Amino acid sequence: MEKYNSLKGKGKIYFGDATHPLHNTILSAGWIRKGEEKEVFTNSGRNRVNVFGAISIDDLDIVTHSYDTINQISVCNFLKALRERNPNGEKIYFILDRGPSNKALSVRELAKN
Numbered sequence: 009m010e011k012y013n014s015l016k017g018k019g020k021i022y023f024g025d026a027t028h029p030l031h032n033t034i035l036s037a038g039w040i041r042k043g044e045e046k047e048v049f050t051n052s053g054r055n056r057v058n059v060f061g062a063i064s065i066d067d068l069d070i071v072t073h074s075y076d077t078i079n080q081i082s083v084c085n086f087l088k089a090l091r092e093r094n095p096n097g098e099k100i101y102f103i104l105d106r107g108p109s110n111k112a113l114s115v116r117e118l119a120k121n
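For reference, each letter of the sequence shown is one residue, going 9 to 121 in our numbering.
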């Protein structure tokens, strides 16, 4: 919290992370009469949706983008999208966890510039 509080007022602060939900029906319970059978239609199987998102706590600005995969390229593209969303030149603080894609050299170099 000390680090976060020390950044307040120095630029826009975003907290970001990726999520990979399954795009599929997962049955756990249902209301079906005893002795009856019900069909449940499925979709693509075990495909995942890869979403990278960030939120600014100060003004609740939410940014999300979907990608085929989450890797250092998609993190760099997301960082560029954050910069485009804040074109006034204000400094951006982008706080991420230590996932391999987030701490890649290309991401760190882009973040510094």
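Mixed in with the good hints, there may be bad ones.
[To be verified] Once the Cα atoms are required to be at most 27 Å apart in a straight line, the calculated DSSO-like pairs of lysine-lysine come out as: (1) K16 to K99; (2) K88 to K99; (3) K88 to K42; (4) K88 to K16; (5) K46 to K111; (6) K120 to K11; (7) K99 to K20; (8) K20 to K120; (9) K11 to K111; (10) K99 to K111; (11) K120 to K88; (12) K99 to K42; (13) K120 to K42; (14) K120 to K99; (15) K11 to K88; (16) K16 to K42.
The hints are simulated quantities; they were obtained by calculation from the structure and are not laboratory data.
Please read all numbers here as calculations on a predicted model, not as lab measurements.
Hint numbers contradicted by this structure: 3, 5, 12, 13, 16
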